[in-house]
Amino acid sequence: MWEKILTGFGYWDIYSWLIFLAIAGFFTLWLRNSGRQDYKEGTYQDEIYFSGNDVPEDGADISVPADSAYWGFIKFFTPYYDFMAKFHNGLVQDYVGYFILFIAVLTTLIVFV
Amino acid sequence: MNWQAHLPALLLAVPLLGAFAAPVFNLGGKTLRNVWFITVSTCVFLVAFALWRDVSVNGILVYVMGGEDFALSLPSGMKLPVRIILEIDAMSAFMALAGSITSMAGAWFSVSYMDRFSGMSRFVSLYFLLTLGMLGMMVTGDLFNFFVFLEIASVASYGLVAFWRDKPQAIEASFKYMVMSQIAAMLVLIAVGFLYGRYNLLNMGALGSVMQMGLVEKVSLALLFSALALKCGSFPMYLWIPDAYAEAPASVSCLLVTVSQASLYGLFRVAFSIYGVSLTNSVVAWAIIILGLISMLVAVSMAVVQHEVKRLMAYHAISQTGYMMLGVGIGLLVLGNPEALAEYGFTALKGGVFHIFNHAMYKGLLFLTAGTLFYMTGSRDLNKMGGLIRRSPGTAFMFVIAAAAIAGLPPMNGYTSKLLIYQSSFAVHPFITVVALVTSVLTLASFVKVFQTAFLGPEHKALVNARKVPSTMMVGMGILTVAILLLTFLPGSALSNLVEPAAKALVDQAGYIGAIMGGAF
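Top to bottom, those sequences are chains H and B.
First residue of the first sequence? That's 1 in my numbering, and the numbers climb one at a time after it.
First residue of the second sequence? That's 1 in my numbering, and the numbers climb one at a time after it.
FYI, nobody ran anything at the bench for these hints, they're computed from the structure.
We treat Cβ as the ideally placed atom computed from N, Cα and C, and that holds for glycine.
Wrong hints could be hidden among the right ones.
30 Å max Cα-Cα, derived DSSO-like pairs, lysine-lysine [what the hints assert, rightly or not]:
{"hint": "1", "chain 1": "H", "residue 1": "K86", "chain 2": "B", "residue 2": "K167"}
{"hint": "2", "chain 1": "B", "residue 1": "K30", "chain 2": "B", "residue 2": "K468"}
{"hint": "3", "chain 1": "B", "residue 1": "K384", "chain 2": "B", "residue 2": "K468"}
{"hint": "4", "chain 1": "H", "residue 1": "K86", "chain 2": "B", "residue 2": "K384"}
Facing chain H, according to a computed beta carbon distance under 7 Å, are these residues of chain B, among others [stated by the list, open to error]:
{"hint": "5", "residue": "K218"}
{"hint": "6", "residue": "V283"}
{"hint": "7", "residue": "L382"}
{"hint": "8", "residue": "L419"}
{"hint": "9", "residue": "Q423"}
If you want the footprint, here are the derived chain B segments under chain H, 3+ residues with CB under 8 Å [what the hints assert, rightly or not]:
{"hint": "10", "segment": "221-227"}
{"hint": "11", "segment": "232-244"}
{"hint": "12", "segment": "408-417"}
{"hint": "13", "segment": "446-455"}
{"hint": "14", "segment": "458-465"}
Just chain B, same shape as in the assembly:
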């Protein structure tokens, strides 16, 4: 067995090592700690990329921890999988790749952005623990371990949201997030307990192979759905997000976007891979679609009136989650209808999945540009900004790229994914498309406002001494800008190599189960 077989374990081991070794490297000084920060985050990206390549070539990877063989999910004649099992299909690898890119960009950005603050060894440790929790949620094949990784990510993010603990607003935001998140986590645990009590199983693939809808399964589904919808920021449970995203350091907000998407991934995994064809009625699919629609419209309407730049962007993060829910919800709606799935359902699914990756890139970049504005001016209030394009044209350029992408302006990557969602949702009902289009118009309106007030116009006297943007912050933003431009100018390649395999993996419940259960399925 070559080392590549251990890539799934390395994906978790590298950030774990990064977290626990950070205080040790901090003893060697700031430079050594920063080198460690950048190196580990780059290694995480390289491992995630190698894993994605491996899955693209060889199909689903199964990695068994604590067993007699890393690749044997059913050892010694056992009929059910009992070990800690990581199962990485194209969807998991896709998510891990997106998460690792934002983590790396955030790390580069943090080096200078957080330089003036104390407690950086704790920051680096928590940052890598957050990365670990997020990646764990994406690659685990076990429902209980999903809960464990969810908790690791949650606890790390409470600390990071409240990192500037001298600010009462940061403490309050973290407290609200903690209360909401812990209730959601307990519901996940109760649902996992219900399913374990019913089937004696925790493995997602194995659960999918025996799932039969009854009262326990329905209640578990409702609890898992509610909890993960809260964590990903769906209406009406998104209320913790504007506070948490606004008060966290910008690089953390950038990473929190993909952490929230990991919960969305969990919701999709539960719906498609565990319940899948057992979902005989369309309540869950319609619930995802309707929540997506309400989330996108309500959140964008709140974003338009914000004058605090990170709060505005936090509302947009919620709004964009609505697009993903809409696209994937339509895919789930027609999962049992091969004709509709082929006609428009799979297109919607591709649009929703593509939007996940796009969103991770441009929303991450927007949070970093918001952080740059704060770094330059010392304020997050747009009313106090103006003419900053003269101070940092590079930041303005990258902001325009990200803003055009999130608004879905052609030819940006956001347009491609939204086009797939618009045209396929029209087949379900034209009203859905109208809501999605109105949301895009309002998104464009609010980013025009940000660009006009922050970057254009005459320079304010108070901003004459605005700080220069350090190169590492530009590199952090540059990583995400390059990713956006690649997705924009190579949309066919991105769809066929990145998105389609992920969307196919999501609907292939038999493949996901078969990789674990093999002949026993």
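This is chain H alone, in the form it adopts within the complex:
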């Protein structure tokens, strides 16, 4: 129950990891507590800084939508995603076609190789 998990190349011991997490957590909290002591909850210190502008009332106006996440990654891989969009075209006859093609290739490999 408490044994290490041997992978053949090393091991995994969750309890060593948890001890490490506890030590790291302790030092993190210690660093945090050694910061400024003049914070007061419910004062101007709690206000959101929005580049000097008024903070919109609706949270939706200052949220980053899911569509905007990893914009650069998606932009870089646009040709790939254009191709994948054609592959995932939603047409069931195409899906069946891919399946038949797959069967043909696999059967050829298994029978002749």
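Knowing the structure of chain H, use the given hints to seat chain B on it.
Frame of chain H; chain B shown alone:
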């Protein structure tokens, strides 16, 4: 013979009774129907757990239906098994345990989640039929009965995917799934027919005992492989999955994960227990490995760009199937090489098998949390969500547990199974490990996106009246969370008691055959 000898039959009889009695209990009102729903699903779990314990202690169980003795696979001096035979080894029991847990969690979740919809007696019936088909695929020792259970599960899932039949998208998803699935099922039937015509046998163990590779056997293998790869959602046949998983009610998506894994189990059973040592070349093993790699990378790349939460999770389900195929594929690759099997093949196999159980738990939980988001906001679009951690911190906590597990962050259970796969796949080729690691990074990236957009940030005005999450939905998610935490904090125990016996059973073709054929083998 005590009642425990009938556990294999009970595993199928209980959900069958649950399905056909559901409309009767529905006549007694909503409460009675819900009590029946929860009770039967809990009983299925208890039977599966007892069966797993029994197999762990006593080894392979054989249960003969319609014969002169429940335990006699070769009655009255017959040389070949002809009855309906259930054969449960540690791998089958392992799969049944995972399936029954997700079924129970889904049932608890459904009670409140589906409460506002009509046709609930049909829902409960179909849900239990789906559970029955899935468990049947996992415990049958007969190839034709595997086809029958595959069809039961398929037909039930068509109905459940299209359960919200007023939505055209749900009907379309179910139709696509039906077309693809029926073609696959017909191929399974043709392959079974080929093998029956060649050997006059349908029993998997008996087929394994006489299997000699020829043209018929090779074509049958290709057909079975293709059909089951489609059903489990491998590249390039996974295209039905995002639609079907996204449109089905969340509790059904949770169960569909293990139903797809039952097809993966079928693929492994065919490769290891029927063909096994007859697979003299490595084409099948490499096909499983390469398909696993492509599936994991392509699907995760599609998941990163999704903004519809259940679609995103459906792509991750495909991606995680790739890990299982990779681990078990490496095990199959070195099956005939005892030295390599001992050095890294069995570790890969353990990783792949462990990942099956882990995936069932955390992916099931992720679908339930996605369902909770839909329940709260009425939308599956992440662009319309934000700040929901304030509305339901419990859901956010369980989402984080499941997301950390699927991304393979230490110390979660997903990390343990992935570590076994990474390190053993490195021995085959470092490139394989690189692909697996990149997939994990992208998995983490997309779940960070979900957590940030759905749970963090300021609250949206439109979500001020988000619905409160009912307690039964929390219980459904809680069951899977507890399972994940147990697997996380007791990895040694999980591996030695749950995973290793299953992996050993998978590679022990002689044991699987011997349990049926006995002295005739």
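How the hints compare with the structure:
Proposed proximity of K86/H and K167/B is supported: the alpha carbons are some 24 Å apart, at most 30 Å. Distance hint between K30/B and K468/B is fulfilled; the C-alpha atoms sit about 21 Å from each other, no more than 30 Å. As the CA atoms of K384/B and K468/B are separated by approximately 17 Å, the hinted pair is consistent with the 30 Å bound. Pair hint K86/H plus K384/B holds up; C-alpha atoms about 27 Å apart against a cutoff of 30 Å.
At a threshold of 7 Å, the smallest CB-CB gap from K218/B to chain H is about 5 Å, leaving the interface hint in force. The restraint placing V283/B at the interface with chain H holds, with a minimum CB-CB distance near 5 Å, inside the 7 Å limit. Nearest Cβ of chain H to the Cβ of L382/B: about 4 Å, under the 7 Å cut. The hint holds. Using the Cβ-Cβ criterion of 7 Å, the hint placing L419/B at the interface with chain H is satisfied: the shortest such distance is roughly 6 Å.
This hint holds: Q423/B has a C-beta 4 Å from the nearest C-beta of chain H, less than the 7 Å allowed. With 5 residues bearing a CB less than 8 Å from a CB of chain H, the segment 221-227 of chain B meets the requirement of three and the coverage assertion stands. Counting residues of the segment 232-244 of chain B whose CB lies closer than 8 Å to any CB of chain H gives 6, which reaches the minimum of 3, so the coverage claim holds. For the segment 408-417 of chain B, the stated coverage by chain H holds: 4 residues have a C-beta nearer than 8 Å to a C-beta of that chain, and at least 3 were required.
Restraint check on the segment 446-455 of chain B versus chain H: 4 residues with Cβ-Cβ distances below 8 Å, three needed, restraint holds. With 5 residues having a Cβ less than 8 Å from any Cβ of chain H, the segment 458-465 of chain B passes the three-residue criterion, so the hint holds.
When held up to the earlier numbered hints, the structure conflicts with none and fits them all.
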